[in-house]
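Q: Sequence:
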Amino acid sequence: MIESLFGAESPRAHNDNLSQLYSIDHRKKYGEGGYGATYAARDRRTGEALAVKIVDTRRMRLDAVKRECEILSSLNHPNIISVRAHGPGDQARNEEHLYFIFMEVASGGELFDQVVERGTNAMSEDTARELFRQLIAGLKCCHENGVAHRDLKLENVLLTKDQIVKVIDFGLSHQYPRTKSGIIDRSKPLKEICGSKSYAAPEVMAGLYEGFAADMWSLGVCLFAMLSGFFPLDEASKRDWRFERLAQGQFRGVSTTHLVYSWYKRSPDHLSREVVDLLNRMLMIDPAKRASMVDVLSHPWITAGGVPMQDHFDVGGEVVDVDGPRFRGVKIPEGAVLQTAYYDDEEFDPVYRSLAELNDGLEEEVTLPTLARQEAFGRQGGCTRIY
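Numbering (the working numbering), first residue to last: 108 to 494.
Hints were generated in silico from the structure; no laboratory data involved.
Be aware that a few hints might be false.
DEER-style ranges, computed between Cβ atoms [stated by the list, open to error]:
1. I290 x E482: 34 to 40 Å
2. S189 x L404: 45 to 51 Å
3. S189 x W348: 41 to 47 Å
4. L128 x S288: 38 to 44 Å
5. A156 x E237: 23 to 29 Å
Each residue gets a CB set at the ideal place from its N, CA and C atoms; glycine is no exception.
Given these sequences and hints, build the entire structure.
A: Written out as C-alpha cells, the structure is:
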C-alpha cells in the first residue's frame, strides 16, 4: 500500500528547514490509510518523540489538508492533538505531491480499541467517566473556538501512555465565523452530510443542522458504546429500522437506553440511573431537546456527586414534580397521547410498560449494530484517518 502512495522508496523529510528540525523513522509506522501514512518522528532540538502524518495530495485535496492544519493550530488544549509544524514536500526531492504534518505522539492507541477489546464486558462507569470528561473538555475547547468537529467517534480519540485523551482528525470540521463583536455566529444552518454512519446525528443525515448540537449526539453515541459495547443505531435515518422505533419511543416518553437494550432482550441494569439519564438526554432525536454542552458539563454523572441527583426522573430526563413529568422528548404533535413511565414506590426503578407494545414484531432476537471501524463520508470524499 505504501509503495503505491510514495513509490518503492520511503519518503524523506520534506524540506531543508523542517528536515533540519525533525527526523522521521520510516521503520516505525503508526497507521496507514487511503490518503497516506503516519510514522514516528522526533524533534532534533529537544529530542521529543512525535508523529508525522504524510498525506498524498493526489488523493486528498491540498486545501483541505491545509485547512485541517489551520484549525488544529488554532486549538490549544491538552485533550486535542497538537501540531508542531506542517508544510508541503520538496520539489527537488520529488515530494511535491506530499504534505507533512508533525504532531505530538499518542502511543496509547484508540479509544475504539479499548472498547472492542472488552467485548461483551462493558467499560466500568468510573473508567468511562474519566475518559469522557477529557473528551468533553476537548470538545468544549473546539466549540469555544467556533469549531464543530462533525466526525467525533471512538476511532478519532487517541490516548497517550498515561491515558490522556487526544481528539484528532479535523478533516470534516466546520469553523463558524465571528461577528464584529466577537460572538460566534451559528445562525446559518449547515447542509453538508458528513461524518461516520453510526455516529452522525439524525439532522446531519437529513442535511440541515447546527454543528454543535450534532457533536453532542455523536458524543452520546460514543458514551453509549463505551458503556454497552455496541451502537444504539446502525444509522440515524429511516434506512435503519431502529431509528423509527426510537422516534416512536421518544414520542411516548420511553427511556432511549432501556428501549435500545430491550430490542436485544438485554437489560441496562449494570448502568446507574444517572448515566442512563445522561444518555437519554444526549440521544434525543430533536436537537432542540438534546443536552447541550452546558447541560452535560453540569450533569451529576459528570460531576460525580458535585450536584446531587433527584429521587425521581421521568424517562426523558426532567425531574418529576407535583404537577407531573415534563418531557424532553421529540416535538409532540398536538392532541398526541403520551405514555409515561411508572415508578416502583420502594426503589424508584422505572417500569417501562410501553416497551412491549413498541417492540411488537420483534419477538425474535435481532442482531446488534456492528461495532466496527467506520470510514467517514463527506467533503473529502471519505476522509480516512491515518493517525
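Q: If a hint holds in the structure, say so; if it does not, say that too.
A: A quick look at each hint next to the structure:
For the hinted restraint 34 to 40 Å between I290 and E482, the CB-CB distance of approximately 35 Å keeps it satisfied. A beta carbon spacing of about 23 Å between S189 and L404 contradicts the range 45 to 51 Å that was offered as a hint. Checked against the hint of 41 to 47 Å, the C-beta distance between S189 and W348 comes to roughly 42 Å, which is consistent with it. Restraint check, L128 to S288: a C-beta distance of roughly 39 Å satisfies the suggested window 38 to 44 Å.
Checked against the hint of 23 to 29 Å, the C-beta distance between A156 and E237 comes to roughly 24 Å, which is consistent with it.
Against the hints set out earlier in the document, a violation occurs for number 2 only.
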